[in-house]
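All chains, please: the whole structure from these sequences, using the hints.
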Amino acid sequence: MSRYLERAEHTTRLLDVNLNLMLDESPISAERRWKRVLQALGGPKNIEWTGEPYALTQALTFDTENKASILSCIIAARENSRHVREQISTEQWHRLNSLYLQVTRPELQHRTQSEAFGAGVTQPSEFLQSVLEAAHQFQGVTDSTMNHGEGWQFIQVGRYIERASATALLLQAYHIDLWGYPERATDGNEYLDWMGLLRSATAFEAYCKVYTADLTPEQIFEFLLLDEEFPHSVRFSIDSLQCALEKIQGDSGRSRAEGLRRLSGRLQSSLNYSSVDEILNQDVVAYLGGIQAQCRAIHETIYELYVDYSIQAALAG
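The sequence shown begins at 2 in my numbering and counts up one residue at a time.
Honestly, the hints are just simulated from the structure, not real lab data.
Pair by pair, the computed Cβ-Cβ distance ranges are:
{"id": "1", "residue 1": "Lys46", "residue 2": "Thr217", "range": "31 to 39 Å"}
{"id": "2", "residue 1": "Asn282", "residue 2": "Pro232", "range": "25 to 33 Å"}
{"id": "3", "residue 1": "Val308", "residue 2": "Glu191", "range": "41 to 49 Å"}
{"id": "4", "residue 1": "His149", "residue 2": "Leu193", "range": "34 to 42 Å"}
Derived DSBU-like pairs (lysine-lysine); straight-line CA-CA distance at most 30 Å:
{"id": "5", "residue 1": "Lys46", "residue 2": "Lys68"}
{"id": "6", "residue 1": "Lys46", "residue 2": "Lys36"}
{"id": "7", "residue 1": "Lys68", "residue 2": "Lys36"}
We put the beta carbon where it would ideally sit given N, CA and C, even for glycine.
Structure, rendered in structure tokens:
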């Protein structure tokens with residue numbers, strides 16, 4: 002449930018940011034930017050850039066054949082919440098169910114499919130903003146109404162493992178344009194790209210408080226990857242993931258979680274004891290891909306330990 006909601010929020014934010022940047026871009030930069038959006042979302046199957054940003058936005062929002070679309074993620078999150086209804090609060094269920102009803106309204110489906118967000122930037126932007134607000138409200142309701150026990154810790158695990166993987170993939174998508182050619186002169190479009198990257202991770206204001214308004218690709222990379230205080234950085238996400246896992250392992254007393262502890266601890270250490278210069282001097286794409294691979298390994302191990310385990314394994318502790 003938590004991973005699907007985080008994914009829906011991330012996709013919503015990417016679309017909203019890039020729709021707003023359309024007013025300041027050339028056709029060439031628009032093509033590059035929207036292809037980068039698709040790359041940052043993991044290259045959804047059967048969705049390609051055809052030169053129509055509203056059609057692409059519609060597909061990434063409402064196409065239920067695409068399992069990573071906003072609508073698909075919200076439907077999956079609501080379905081999963083039904084299975085743990087007794088574990089979450091009534092306020093959480095009402096907030097998530099309201100979001101589901103909001104995005105599945107018949108008149109909204111009909112209008113967006115027929116017009117493909119063609120009425121201008123305002124219409125999709127307002128819808129995307131309402132989804133973002135609902136996702137934030139769910140997080141607030143979760144923290145304020147749910148007992149912070151094992152169930153709440155699993156929500157943190159889902160949120161932060163998805164966030165770490167998404168931020169790493171976002172940096173990977175921007176790598177060639179922002180850090181691939183350090184000797185290239187900076188132009189106006191690159192400043193828009195840098196701002197777009199920061200806003201895609203809700204990081205623009207937070208970045209400016211640390212580095213002022215001095216936008217440089219190395220500092221942006223360091224902030225989104227290694228900052229220990231910003232909630233959407235990879236390091237903060239993995240620190241929070243590790244904290245939640247340690248609490249779960251302590252509460253459940255499972256001795257067989259040692260493999261999971263090693264996986265998450267290794268990833269946490271690689272981020273806590275690395276410098277941005279060391280990372281930029283190696284194959285950055287491979288490094289970011291390694292973070293995503295480790296997140297997948299952690300997810301699979303969690304699933305085997307706590308979801309799809311055998312009775313014999315449970316009895317063994």
